[in-house]
Amino acid sequence: MKKKYYIDFYKKNKISPVVNSFKKKYFFNQRSALYSHLSIDFNHINNKNVIEFGPGNGINSIHTFGYGPKSYNYVDANPTGLKNLKKNIKKYMPKISNYKINQSLIENYKTNQKFDLVLCEGLLPNNKKPQILAKYCGSFTKKNGIYVITCHDYISTLSETMRCFLSILITKDIKNQNLKILKLSQFFDKDFIFIKNMTRSKKDWIIDNFLNVEFWQDAKLFSISEAIKCLGKDFVFKSSSPNILKDSNWYKNIKTNNQKYFNNLAYSSYESQVLNLLDTRVLSNFSDKKQIEQIYKMSKKLRVSIKKTCKDLNLLPNLIEEFDTLSKLLPNDFNLTKKSINSYNSFLYKFYKNQKLNINLLNDFRAWWGRGMQYVSFQKI
Numbered sequence: 002m003k004k005k006y007y008i009d010f011y012k013k014n015k016i017s018p019v020v021n022s023f024k025k026k027y028f029f030n031q032r033s034a035l036y037s038h039l040s041i042d043f044n045h046i047n048n049k050n051v052i053e054f055g056p057g058n059g060i061n062s063i064h065t066f067g068y069g070p071k072s073y074n075y076v077d078a079n080p081t082g083l084k085n086l087k088k089n090i091k092k093y094m095p096k097i098s099n100y101k102i103n104q105s106l107i108e109n110y111k112t113n114q115k116f117d118l119v120l121c122e123g124l125l126p127n128n129k130k131p132q133i134l135a136k137y138c139g140s141f142t143k144k145n146g147i148y149v150i151t152c153h154d155y156i157s158t159l160s161e162t163m164r165c166f167l168s169i170l171i172t173k174d175i176k177n178q179n180l181k182i183l184k185l186s187q188f189f190d191k192d193f194i195f196i197k198n199m200t201r202s203k204k205d206w207i208i209d210n211f212l213n214v215e216f217w218q219d220a221k222l223f224s225i226s227e228a229i230k231c232l233g234k235d236f237v238f239k240s241s242s243p244n245i246l247k248d249s250n251w252y253k254n255i256k257t258n259n260q261k262y263f264n265n266l267a268y269s270s271y272e273s274q275v276l277n278l279l280d281t282r283v284l285s286n287f288s289d290k291k292q293i294e295q296i297y298k299m300s301k302k303l304r305v306s307i308k309k310t311c312k313d314l315n316l317l318p319n320l321i322e323e324f325d326t327l328s329k330l331l332p333n334d335f336n337l338t339k340k341s342i343n344s345y346n347s348f349l350y351k352f353y354k355n356q357k358l359n360i361n362l363l364n365d366f367r368a369w370w371g372r373g374m375q376y377v378s379f380q381k382i
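Reminder that position 307 of the sequence shown reads as 308 in my numbering, one-by-one numbering, no gaps.
No lab work stands behind these hints: they were computed from the structure. The beta-carbon is built from N, C-alpha and C at its ideal position, and this holds for glycine as well. You can trust all of the hints, since none of them are fake.
Computed cross-link-like contacts, DSSO-like style, restricted to lysine-lysine with a CA-CA straight-line distance of at most 27 Å:
1) 354 / 302
2) 25 / 96
3) 129 / 111
4) 357 / 181
5) 115 / 101
6) 247 / 290
7) 357 / 309
8) 26 / 96
9) 71 / 92
10) 351 / 301
DEER-style ranges, computed between Cβ atoms:
11) 193 / 219: 21 to 29 Å
12) 34 / 203: 18 to 26 Å
13) 34 / 105: 29 to 37 Å
Please build the complete structure, drawing on both the sequences and the hints.
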């Protein structure tokens, strides 16, 4: 049986650690801004058929229903999530009836209907081959319909992977799950201060990102460039959040079809700007393709090395050396990131020497968060 990192973990622990409460005005402003970034407006949803794969507790759909869809289909296999979804519909949208809840693994879901808007958020690292899942979910998009997915890569998730390794060191002698959560909450309190507009509780974030160890160690990542390659035959890139598209061309100079032009443009834009996903504190115009590629490869190597070091702490010196290499590869625009890496390395070195968690050494690391997940919209052709 193929491993499903989300659903297996959620079912085993009877949880749905995603957004389950919100401040309406603030949350709606965020979701409206997201749809604007993705070039999705009222006319893409009003009186249109929508399907959402992996809706979790259904909070995002409360905003989408404000646009007046004709119908709304939910597809999920997590019993706890579906239970919360039903509660939230009853609580926040008691008068709606134009929806259907399908309790099904995504790959087992069948319908002949095509949808105007297909939503697939925070889902694609669900199995060993996110490309297959991306194509399958996309297959339910009608011609000219919009397909929304999320992506992440080795650079955008690096700071989170580094925290995941810290979580292993912090809880290595703790067996009780609740005690782990408490310890991690206390340890990372200073880090969470720097996440602006956090949309779920610290506890849920910790469970989903730290305690689901198999997911952060083994699940395949799915970058924007991989998504374009995967979907480019049937879809044209529309937009993204953050917006990666750089196009100074005049429309009369474009001599190829939209599909080829915008997919190629988005692909090259991502490749040239991927460093800006590394650290939310930094925006850079650095453009050396060879050096960017080296940094990407080093970030990928570090994810593998972190997994190995989790199993054998004697490998810590090698991990520290690799982080030092990454720091040297980064351009001067990323001096803040370099400082954070040095802080992290000092902590690891001290731990390796005396097995003590000197948290003060992490002071310059705490503020480093990457633009971990990116939203991308495509249009079916």
